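Protein chains in written order, with the working numbering: chain A, 9 to 142; chain B, 9 to 142; chain C, 9 to 142; chain D, 9 to 142.
A portion of the hints provided could be inaccurate.
The list makes no distinction among identical chains, and a pair is therefore deemed to hold if it is satisfied within one copy or across any two copies.
30 Å max Cα-Cα, derived DSSO-like pairs, lysine-lysine [as the list claims (entries may be wrong)]: (1) 38 <-> 91; (2) 76 <-> 94; (3) 91 <-> 137; (4) 38 <-> 107; (5) 61 <-> 107; (6) 107 <-> 94; (7) 76 <-> 38; (8) 60 <-> 107; (9) 137 <-> 61; (10) 137 <-> 76; (11) 60 <-> 76; (12) 137 <-> 12; (13) 76 <-> 107; (14) 76 <-> 61.
Just so you know, these hints were derived from the structure itself, not from any lab. In this text the structure is predicted, and so the values were computed from the model without any measurement.
One-letter residues, chain by chain:
There are 4 protein chains.
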Amino acid sequence: MNNKVHRFPIRIYYEDTDFSGNVYHAAYLKFMERARTELLRQNDIHHFELAKKGIAFAVARLEIAYLKPAHIDDVLEVVTEIKSAKGARFILDQEIFRKDEILTRASVSVVAIGDNGRPVRLPQELAIKLGNQT
Amino acid sequence: MNNKVHRFPIRIYYEDTDFSGNVYHAAYLKFMERARTELLRQNDIHHFELAKKGIAFAVARLEIAYLKPAHIDDVLEVVTEIKSAKGARFILDQEIFRKDEILTRASVSVVAIGDNGRPVRLPQELAIKLGNQT
Amino acid sequence: MNNKVHRFPIRIYYEDTDFSGNVYHAAYLKFMERARTELLRQNDIHHFELAKKGIAFAVARLEIAYLKPAHIDDVLEVVTEIKSAKGARFILDQEIFRKDEILTRASVSVVAIGDNGRPVRLPQELAIKLGNQT
Amino acid sequence: MNNKVHRFPIRIYYEDTDFSGNVYHAAYLKFMERARTELLRQNDIHHFELAKKGIAFAVARLEIAYLKPAHIDDVLEVVTEIKSAKGARFILDQEIFRKDEILTRASVSVVAIGDNGRPVRLPQELAIKLGNQT
């Protein structure tokens, strides 16, 4: 993968907010997952095709700091950077911005799993697409 | 099935609300789906076991009137009544109450589908559990 | 409003699917709500500004037919047409397509409500923006 | 608060699952939030009443390890323990079990915020209800 920093825009809708007037805290995990999917898609990797091979990606560990709230109608940007990719495991930094303001900062550990739920090495053609250091 | 009217309590949490201060309109569909699942469970029918037989339930059609809004901390009751059950298709009335106040009123058409996505007759032992009129 | 038919693309992510392998039935209501918000935005109407005036839009009634399922990675298009707009009430047709295939067809009745939860006429400048026939 | 360990049951429904067949990773945050709300309710603290005082609880930081997946129809138990409560900030350990198996383990930092979004000390009567060490 040539450019390891991936940027993905998110619009905030009714569904993302809660009665406090802010975006619901679990919604940011959805935004980060959409961005990871788009990063994969940009590298020509698609969940639908992975599923045919019996492979899915699962979040193994996640740390997130909520720094400032987002609101209805906001346009955010999810900035994703692959920090390490070894065997079945990827570690990514994901930050969410509203213009220049950082709203959340997260570190996410994702594991490729097989049909039996156990971690699996990515098939070589996928590892190559992701610039995976095996 | 002896008692065709099924009652199921729902508590409203942050996740169900939106920034208007009311419960988000799509959340009521989740509440009604939970109640249908519990109605099945009460008749000893479980999604996990249906899946092993290659059967799932899909909503085919839904009409809902939103009469009054629900709010955070509310306790609601979903009242479900099977109006008809023929072959693969069930038609249910589902109303959601807060004490004596009716908040939403819906008619839901649910179809049993097989692995290929086509409607399938329920296996006889399930039809019997549901008092299905074949 | 010049063009009464509004088209809005939706990408299907993990969050939208359920264990049946299809998109969860309530997710389509979110997609349609996003499209209505974008139709408003195209007419320079924003929820955040409406909220400052004490106005929100609430779904009053909804009918939806689920014709075919959507799946992970699909790109859908929500096609929205305002059928009538009188006083506080809008009636919209919303159809969701995957390329040429129609997946869902809905009729949605939306009402503008004030802080007290009662229907309110749209302020004239908003009605004009929407080509509202008062 | 007499018993600092709070236990809350969760049933898994269609809405909680994704096309991998497992529970969607963000859904566990909802389950933990429901459990925190019920822990507050057990201590006679209600979001609706907090909102009248201009107080809301916001998640400031969260770490979660996903150890094993949950599935449709599962009954889980969220076990919540307040580790510290000082001024506006609470730190809680939250673990989710399926019978004896631990599925997720989380540490959550929650802050009481006022209308302006800034941290606020809890009013004394609430601090007392929570056994808050000021």
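Structure-based check of each hint:
{"no.": "1", "hint": "38 <-> 91", "result": "both (20 Å within a copy, 28 Å between copies)"}
{"no.": "2", "hint": "76 <-> 94", "result": "between (33 Å within a copy, 21 Å between copies)"}
{"no.": "3", "hint": "91 <-> 137", "result": "within (16 Å within a copy, 44 Å between copies)"}
{"no.": "4", "hint": "38 <-> 107", "result": "both (20 Å within a copy, 25 Å between copies)"}
{"no.": "5", "hint": "61 <-> 107", "result": "between (39 Å within a copy, 26 Å between copies)"}
{"no.": "6", "hint": "107 <-> 94", "result": "neither (33 Å within a copy, 33 Å between copies)"}
{"no.": "7", "hint": "76 <-> 38", "result": "both (17 Å within a copy, 20 Å between copies)"}
{"no.": "8", "hint": "60 <-> 107", "result": "between (39 Å within a copy, 23 Å between copies)"}
{"no.": "9", "hint": "137 <-> 61", "result": "within (16 Å within a copy, 38 Å between copies)"}
{"no.": "10", "hint": "137 <-> 76", "result": "between (35 Å within a copy, 28 Å between copies)"}
{"no.": "11", "hint": "60 <-> 76", "result": "between (40 Å within a copy, 21 Å between copies)"}
{"no.": "12", "hint": "137 <-> 12", "result": "within (12 Å within a copy, 43 Å between copies)"}
{"no.": "13", "hint": "76 <-> 107", "result": "within (13 Å within a copy, 37 Å between copies)"}
{"no.": "14", "hint": "76 <-> 61", "result": "between (40 Å within a copy, 21 Å between copies)"}
When the structure is compared with the earlier hints, a violation turns up for hint 6 alone.
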